[in-house]
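In order, the protein sequence lines correspond to chains A and B.
According to the working numbering, the first sequence holds residues 1 to 313 in order.
According to the working numbering, the second sequence holds residues 314 to 634 in order.
Worth flagging that the hints you see were computed from the coordinates, not collected in a lab.
Any given hint could be a false lead.
Quick list of in silico lysine to aspartate or glutamate cross-link-like pairs, EDC-like style, CA-CA up to 16 Å [stated by the list, open to error]:
{"id": "1", "chain 1": "B", "residue 1": "K525", "chain 2": "B", "residue 2": "E445"}
{"id": "2", "chain 1": "A", "residue 1": "K65", "chain 2": "A", "residue 2": "D33"}
{"id": "3", "chain 1": "B", "residue 1": "K525", "chain 2": "A", "residue 2": "E278"}
{"id": "4", "chain 1": "B", "residue 1": "K630", "chain 2": "B", "residue 2": "E603"}
{"id": "5", "chain 1": "B", "residue 1": "K476", "chain 2": "B", "residue 2": "E593"}
{"id": "6", "chain 1": "B", "residue 1": "K398", "chain 2": "A", "residue 2": "E278"}
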Amino acid sequence: MEAGRATAPRNRLAVAGARSTTEAMLRNQPRGDVIRNAVFAGLLLLAVAIALAGLLALVIQAFAKGSSALSLNLITNPPSTAFPEKAGYRPAIIGSLQLIAGVMLFVVPVGIGAALYLEEYADSSRWWNRLIEVNIQNLAAVPSIIYGILGLAFIVRGPLDLGFILAAGSLTLALLVLPMVIIASREALRAVPDSIRQGSLALGATQWQTIRTQVLPASIPGIATGVILAVSRALGETAPLLLVGATVFVTFDPTPFGTDGYSAMPVQIFNYALRPQEEFQALAAAGILVMLVVLLAMNSFAIWLRNRYEQRW
Amino acid sequence: MTSSKWLAVLVAAVTLVIGVAACGSSDDDTSRGSSGGGDLSGSIRIDGSSTVAPLTEAVAEQFMAENSGVRVTVGTSGTGGGFEKFCAGETDISDASREIEPEEVEACKKGGVGYKDVHIATDALTVMINNENPVSCLTVDQLAAIWGPDSKINNWSEIPDLKESYDEELALFGPGTDSGTFDYFTESINGEEGVTRKDYNNVGEDDNATVKGVEGSPGGMGYAGFSYYTENEGSLKALEVDNGKGCVPPSVDTAQDGSYAPLSRPLFIYPSEQALQKPEVKAFIAYYLENVGSVAESLGFVPLTEEQLSESEAAAKKIGA
Numbered sequence: 001m002e003a004g005r006a007t008a009p010r011n012r013l014a015v016a017g018a019r020s021t022t023e024a025m026l027r028n029q030p031r032g033d034v035i036r037n038a039v040f041a042g043l044l045l046l047a048v049a050i051a052l053a054g055l056l057a058l059v060i061q062a063f064a065k066g067s068s069a070l071s072l073n074l075i076t077n078p079p080s081t082a083f084p085e086k087a088g089y090r091p092a093i094i095g096s097l098q099l100i101a102g103v104m105l106f107v108v109p110v111g112i113g114a115a116l117y118l119e120e121y122a123d124s125s126r127w128w129n130r131l132i133e134v135n136i137q138n139l140a141a142v143p144s145i146i147y148g149i150l151g152l153a154f155i156v157r158g159p160l161d162l163g164f165i166l167a168a169g170s171l172t173l174a175l176l177v178l179p180m181v182i183i184a185s186r187e188a189l190r191a192v193p194d195s196i197r198q199g200s201l202a203l204g205a206t207q208w209q210t211i212r213t214q215v216l217p218a219s220i221p222g223i224a225t226g227v228i229l230a231v232s233r234a235l236g237e238t239a240p241l242l243l244v245g246a247t248v249f250v251t252f253d254p255t256p257f258g259t260d261g262y263s264a265m266p267v268q269i270f271n272y273a274l275r276p277q278e279e280f281q282a283l284a285a286a287g288i289l290v291m292l293v294v295l296l297a298m299n300s301f302a303i304w305l306r307n308r309y310e311q312r313w
Numbered sequence: 314m315t316s317s318k319w320l321a322v323l324v325a326a327v328t329l330v331i332g333v334a335a336c337g338s339s340d341d342d343t344s345r346g347s348s349g350g351g352d353l354s355g356s357i358r359i360d361g362s363s364t365v366a367p368l369t370e371a372v373a374e375q376f377m378a379e380n381s382g383v384r385v386t387v388g389t390s391g392t393g394g395g396f397e398k399f400c401a402g403e404t405d406i407s408d409a410s411r412e413i414e415p416e417e418v419e420a421c422k423k424g425g426v427g428y429k430d431v432h433i434a435t436d437a438l439t440v441m442i443n444n445e446n447p448v449s450c451l452t453v454d455q456l457a458a459i460w461g462p463d464s465k466i467n468n469w470s471e472i473p474d475l476k477e478s479y480d481e482e483l484a485l486f487g488p489g490t491d492s493g494t495f496d497y498f499t500e501s502i503n504g505e506e507g508v509t510r511k512d513y514n515n516v517g518e519d520d521n522a523t524v525k526g527v528e529g530s531p532g533g534m535g536y537a538g539f540s541y542y543t544e545n546e547g548s549l550k551a552l553e554v555d556n557g558k559g560c561v562p563p564s565v566d567t568a569q570d571g572s573y574a575p576l577s578r579p580l581f582i583y584p585s586e587q588a589l590q591k592p593e594v595k596a597f598i599a600y601y602l603e604n605v606g607s608v609a610e611s612l613g614f615v616p617l618t619e620e621q622l623s624e625s626e627a628a629a630k631k632i633g634a
């Protein structure tokens with residue numbers, strides 16, 4: 001693995017060297033090619049700029065509107081309608097973190113499990129396996145409110161009958177992002193070269209041993225990326241949570257199975273944004289900043305985790 | 314690196330998140346316990362109209378400060394969504410910006426939920442126009458001509474019998490069909506709930522977008538709750554409404570004495586008979602009626618008159634509050 005790590009910078013160096021050699025040798029390229037080259041690079045830069053401009057506009061706007069409400073109260077205090085100057089997001093933040101933890105507990109084993117079955121075990125020439133594949137891809141495009149209705153009918157009420165508890169919200173969000181995790185994990189598994197599998201099997205390892213010691217570790221960065229994206233999406237979802245019982249005014253810290261009720265960040269931000277009073281609109285903008293920080297913290301942790309265990313050939 | 318090690322890290326991370334969250338919950342109870350007396354305990358689940366929610370939240374907050382053992386939560390599923398849960402016995406109290414409808418009465422009967430409507434405040438639905446607009450008053454008929462389902466009026470100069478001359482394109486803003494505000498406005502202006510022209514700027518649940526839209530277009534007109542007008546008083550105008558007895562502006566006084574018609578609407582809470590068996594719910598309803606007046610005014614609603622208040626108290630008593 002140490003050797004594997006060293007090859008990446010060496011590869012990059014080789015590519016850079018080749019490029020500069022080509023440029024030096026072909027100094028008299030036709031004019032059209034030079035221009036096309038520059039235009040192409042410019043367009044790519046523009047694409048990056050547009051992606052960043054959206055985020056930048058959001059942050060600037062939230063900061064301009066919410067700076068008056070920025071204080072430690074936001075993370076230490078419960079919401080307050082009578083005293084907006086003291087209001088905060090504490091129960092909502094704790095609720096969101098618990099929701100996300102629940103989503104990960106469910107989605108990581110189930111999502112990776114499903115992906116492993118479809119990639120490593122299922123025979124894709126059979127029609128039922130292809131049917132499953134198509135359906136999983138379709139599921140990823142189903143609007144989130146539909147999952148909310150599903151959660152209400154089957155998890156909160158109906159067969160599971162969990163009631164309006166935080167864990168039911170977690171399960172609903174987990175179902176919502178599960179297809180994303182399965183699809184990303186399958187891509188990651190597919191990116192592992194077949195020679196690795198064949199080598200392992202040739203040395204006498206069983207399929208389970210091959211997956212556990214070779215395929216899975218090699219695909220972890222890709223799987224982790226999928227999980228990060230999925231969990232970030234779950235953190236920002238409002239509509240399905242409203243259906244499965246997340247409320248806007250919770251002054252105590254929620255627990256996963258507590259029947260007293262729970263709240264979540266986006267739900268409370270949404271509620272404050274709709275109020276006529278300026279204080280609450282400022283609170284909503286400040287809440288957006290808090291949520292961005294939470295999201296950023298989670299993502300950087302996951303990215304650190306991914307880089308730590310990245311493996312190259 | 315084996316996969317089991319990686320999984321161990323993942324499990325550790327998840328446990329950490331849960332742990333942090335759990336630690337958070339333990340110290341909160343003690344900190345709140347010291348602030349208020351009262352030996353009531355238990356939880357009260359409230360859901361329903363997002364218009365009524367701020368009132369309920371503010372009252373609940375004060376109630377919890379005095380009764381630290383009680384946990385009140387307030388949701389905003391909308392009046393209809395609130396009744397859906399209420400009639401299934403999943404909430405104790407439902408906030409409503411209109412009276413319960415026949416289908417909902419039926420659902421509650423099926424769910425075995427008894428209830429009573431308790432009037433807690435009044436809202437003056439306000440028709441807002443741009444500051445540049447010289448018009449100050451419209452009759453209900455004129456409003457119906459503008460908002461009616463077959464309306465072809467697209468300019469202020471096309472409004473029938475308008476005294477002022479104002480040549481600006483009409484830009485209409487209003488809430489979406491899920492909103493109780495929409496239900497009430499369409500019923501009282503167009504005569505039937507849900508009947509309206511379709512080509513207005515539908516802002517969904519976001520009444521602030523109505524305010525922004527009217528502020529930004531000289532020919533703008535939109536309707537929302539009274540508080541959306543009072544919070545933006547300098548930047549837009551409220552239309553007076555003539556219901557056959559002269560022009561009446563929306564205000565606390567005109568909504569209280571009923572002269573701002575037909576757009577002043579009552580706001581309700583619906584406590585369930587079953588929930589009122591619990592002493593904490595009973596105490597909460599009494600506290601609610603006692604304190605909602607002062608809260609209403611600060612949040613831009615119209616408080617009840619003495620007479621209305623005693624009617625509400627009588628209504629609550631009927632089901633055991």
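Tested hints:
1. B:K525 to B:E445: 15 Å, holds
2. A:K65 to A:D33: Roughly 48 Å between the alpha carbons, so the hint for A:K65 and A:D33 is violated.
3. B:K525 to A:E278: 13 Å, holds
4. B:K630 to B:E603: OK: B:K630 and B:E603 at ~14 Å, within 16 Å.
5. B:K476 to B:E593: Roughly 56 Å separates the two Cα atoms, so the pair is violated.
6. B:K398 to A:E278: 31 Å, violated
The earlier numbered hints that this structure contradicts are 2, 5, 6.
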